[in-house]
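The lines below spell out each chain.
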Amino acid sequence: MEFLKHALPNGLEVIAEANGEAYSAALGFFVRTGSRDETAEEAGVSHFLEHMMFKGTPTRTADDVNREFDEIGAHYNAFTNEENTVYYAAVLPEYQDRAVELLADILRPSLRDDDFETEKQVILEEISMYEDQPPFGADERCKAAYYGSHPLGRSVLGTEQSIQGMPVQTMRDYFRRRYTPGNIALVAAGRVDFDALVACAARACGGWDSRPGGRAIEPARPHEGFLTLHKEIAAQQYVLQLADGPAAEDEQRFAAKLLATVVGDDSGSRLYWELVDTGLAEHASLSHYEFLGAGLMMTYMSCEPDFAAENLRRIRVIYADVEADGITDAELLQAKNKLRSRVVLSSERPRGRLFSVGGEWVYRGQYRSIDDDLRTVAAITLDDIVRLLADYRLTQSNTVTIGPLHELAPPV
Amino acid sequence: MTQTIHSHILPNGLVLVAEPMPWLASAAFTCLVPAGSVDDPPRKSGLSSFTCEMALRGAGPRDSRQFVLDLDNLGVERDEGVSNAHTAYSAATVAENLPAALAIYADLLQRPHMPAEQLEAGRQGCLQEVRAVEDEPAQKLMLELRRRHYPDPWGQPSHGDVASIQAITIDDIQTHFQQHYRPNGAILGVAGRFEWPAIKDLVEQLFGDWQPQPAAPITETEAQGKYTHLPYDSNQTQIGIAYSSVPYCDPAYYRAWGAVGVLGSGSSARLFTEVRERRGLCYAVYASYHTLRHRGGVFCYAGTSAERAQETLDVTMAEVVRLGQGIEQAELDRLKARIKSSLIMQQESSSARSSSVARDWYHLGRARGMDEVGRLVDELSCETINAYLAEHPPHDFTVCTLGPHELEVPDGIS
Chain A
-15 MEFLKHALPN GLEVIAEANG EAYSAALGFF VRTGSRDETA EEAGVSHFLE
35 HMMFKGTPTR TADDVNREFD EIGAHYNAFT NEENTVYYAA VLPEYQDRAV
85 ELLADILRPS LRDDDFETEK QVILEEISMY EDQPPFGADE RCKAAYYGSH
135 PLGRSVLGTE QSIQGMPVQT MRDYFRRRYT PGNIALVAAG RVDFDALVAC
185 AARACGGWDS RPGGRAIEPA RPHEGFLTLH KEIAAQQYVL QLADGPAAED
235 EQRFAAKLLA TVVGDDSGSR LYWELVDTGL AEHASLSHYE FLGAGLMMTY
285 MSCEPDFAAE NLRRIRVIYA DVEADGITDA ELLQAKNKLR SRVVLSSERP
335 RGRLFSVGGE WVYRGQYRSI DDDLRTVAAI TLDDIVRLLA DYRLTQSNTV
385 TIGPLHELAP PV
Chain B
5 MTQTIHSHIL PNGLVLVAEP MPWLASAAFT CLVPAGSVDD PPRKSGLSSF
55 TCEMALRGAG PRDSRQFVLD LDNLGVERDE GVSNAHTAYS AATVAENLPA
105 ALAIYADLLQ RPHMPAEQLE AGRQGCLQEV RAVEDEPAQK LMLELRRRHY
155 PDPWGQPSHG DVASIQAITI DDIQTHFQQH YRPNGAILGV AGRFEWPAIK
205 DLVEQLFGDW QPQPAAPITE TEAQGKYTHL PYDSNQTQIG IAYSSVPYCD
255 PAYYRAWGAV GVLGSGSSAR LFTEVRERRG LCYAVYASYH TLRHRGGVFC
305 YAGTSAERAQ ETLDVTMAEV VRLGQGIEQA ELDRLKARIK SSLIMQQESS
355 SARSSSVARD WYHLGRARGM DEVGRLVDEL SCETINAYLA EHPPHDFTVC
405 TLGPHELEVP DGIS
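Just so you know, the protein sequences line up as chains A and B, in that order. Residues -15 to 396 (this note's numbering) are what the first sequence spells out, left to right. Residues 5 to 418 (this note's numbering) are what the second sequence spells out, left to right.
Bound-form chain A, shown alone (with noise of 0.2 Å):
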């Protein structure tokens, strides 16, 4: 595998880890715009954005764009996060050129006023989706009240009545301020011609305007809490709970993701033993999650709602043992085992490493090869793990539950 980069005079950066050996090419633009980049009047903007792409270019309409994706045979999507808005397909080596241009095309979207319209209702469809599904909005409803009104703090769905207000100058205004060359980087992964790519970036994105595009990092104010949330038709009790924890740019994120595998993977660490084998909880797990300057760790449990008061309490003790005496090797290396293993199996897609190594130079501006990662990985220690139990603390979170509960007390 070859690491290679690019820059276009414009300031939109090429990069790629090409392997001549795997049998697709997984390509995507990278876009550093997301909710955190969002004003309260432009709440969800990134993601319906993210819609409007796929509505036509003023060389392409609709149909044009989802036929063309189709003939070309490609696996491609978008998702948008707080950060981060991607778009991507895999595909044939053959097709590179087509899916490079055909995805550089709909980052220059039309933005329609009929279309806006249209697809608004789309957005609104996807919103009461997940106000019918767990966790019934709970997900955003814990973040905002973690983060308060720092920007990760916004939800990336955008509310019901900030879509339906929406006019689609919001949307344009965003999309010029944002989307400049110097805010996107296209990744790719696989069996990559990266001087077609090169060349075909340079056809297609060339003649993009360079604007400013920063972003300020504010430092985040992590805000303790408990909150009980009455869902009527949920069956399930549903806790979220948001701990502080390393991030994207700090070190401390592996030794992070190892212990989040000890303590709450959804087999074989400490949570799993205590609620989900003794049939207390259909599901609980501990997981990191990264952000420009700010980390998480995240609780996440579903379970009958007579339990959920007794595994909080459990959930607490937990923490509460971890922070006290740490973890043993025995935790430790199977928790090394494990990733071990999953990096080597997400990593033969190229799809798989279009995420690793896009997100890792979105964030980091950095390659890393899988090696890299897996030797990282080896190398932490129980003291690394020591140390970020002191750094960051699980017991001190804020927790959003939501089900069919009317009260559910904080565990003392």
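Because the hints were derived from the structure by calculation, they are not lab data. Careful: at least some of the hints might be erroneous.
The list that follows gives simulated cross-link-like pairs (lysine to any residue, SDA-like), each with its CA atoms no further than 20 Å apart [as the list claims (entries may be wrong)]:
#, chain 1, residue 1, chain 2, residue 2
1, A, K(-11), A, K320
2, B, K144, A, E115
3, B, K340, A, E110
4, A, K320, A, D368
5, A, K104, B, A394
6, A, K320, B, A99
7, B, K344, B, S271
Starting from the known structure of chain A, arrange chain B on it as the hints suggest.
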């Protein structure tokens, strides 16, 4: 890369079907055990799921904790699930750990402890799953649609219900295990980096003593069909439409599959274009093909806000009915491009191939290679698909809705 698919049938009936993929760093296997939801006795719905839950609680020399610890240390990513015909145990890991992982699963399938003292914990786990499905409206609707569309017991949901899970005893589980965890009727699919002679010997050694058991016959009763509304106080209404199709083993399968693809898979498909893109009626809409061994079905889904549900049902139904008039060349060309790229991309995943060769064997008694699938797809033409559609137009629908209001299903359609 040349593709080779090996197979070997052990004297006890276990089928081993294996595809070496030497360019990968991983290996994976899928074992289909003939314990499906169709094998759940009346009033003991969910027994296959509960048995699976208990089989994972220690086997051979390992207690429950050691079992999970050893699999974790081997880096095994595992998955289990009960379908209508099978309980499927899947595992993937780095190639060098394949033999050790297979040995642990040989214990699981032949010598599970099924500890009686963990029965209540296992039961709670199963009950949690029943409740979790209640909270997933789309899944709940599609399970109900399948249950009503297929003749019983083929559409039985695998997770059972609260009453049936509560009725299950440790004896039920032991008996179910004795009867259904048998090599005759079981298929072990392996794919990834390994040497065929070594894997064949290993499987002989690990599974050679597994004792066959007689297969129990399945009694079918008629499908419930037609229209059913499930009242639910949600924002959205979930809409499901099903109609019959040919099974995977039928010579007409690729024609049926092509027609469904034009209707509902991909973003240039008719349902996505007409229901979502042109009218903005919903976020999710699709049609998918599903097969049992002897019959197939097409299952269409749309989820939309309650006030637009009737329009969504009408537009969706109109597209389904219009499919009977045939498809166009450009639609078929796109479908061919998508299947070609999916076939080649399967070569990047040992998990996908291990499950694919095992399921092929269940349906066909052999595994299809990429070349053969490629040829069958190449042979598809608008004429053959349209002739199929003329003979089997979508009709005789089963419709289910879930939401605040019942909808009107047009006369003469259901």
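Hints, verified against the model:
1. Proposed proximity of K(-11)/A and K320/A is contradicted: the alpha carbons are some 31 Å apart, above 20 Å.
2. For a cut-off of 20 Å, the pair hint linking K144/B to E115/A stands: about 16 Å separates their Cα positions.
3. With a C-alpha separation of about 30 Å, the suggested pair K340/B and E110/A falls outside the 20 Å cut-off, and the hint is violated.
4. Restraint check for K320/A and D368/A: satisfied, since their Cα atoms lie roughly 14 Å apart, inside the 20 Å limit.
5. In summary, the hint linking K104/A to A394/B is not supported, as the alpha carbons are separated by about 38 Å, beyond the 20 Å threshold.
6. About 17 Å separates the Cα atoms of K320/A and A99/B, which keeps this hinted pair within 20 Å; it holds.
7. Taking the CA atoms of K344/B and S271/B, the gap is near 17 Å; set against the 20 Å cutoff, the hint holds.
Violated hints, in rising order: 1, 3, 5; the structure is consistent with all others.
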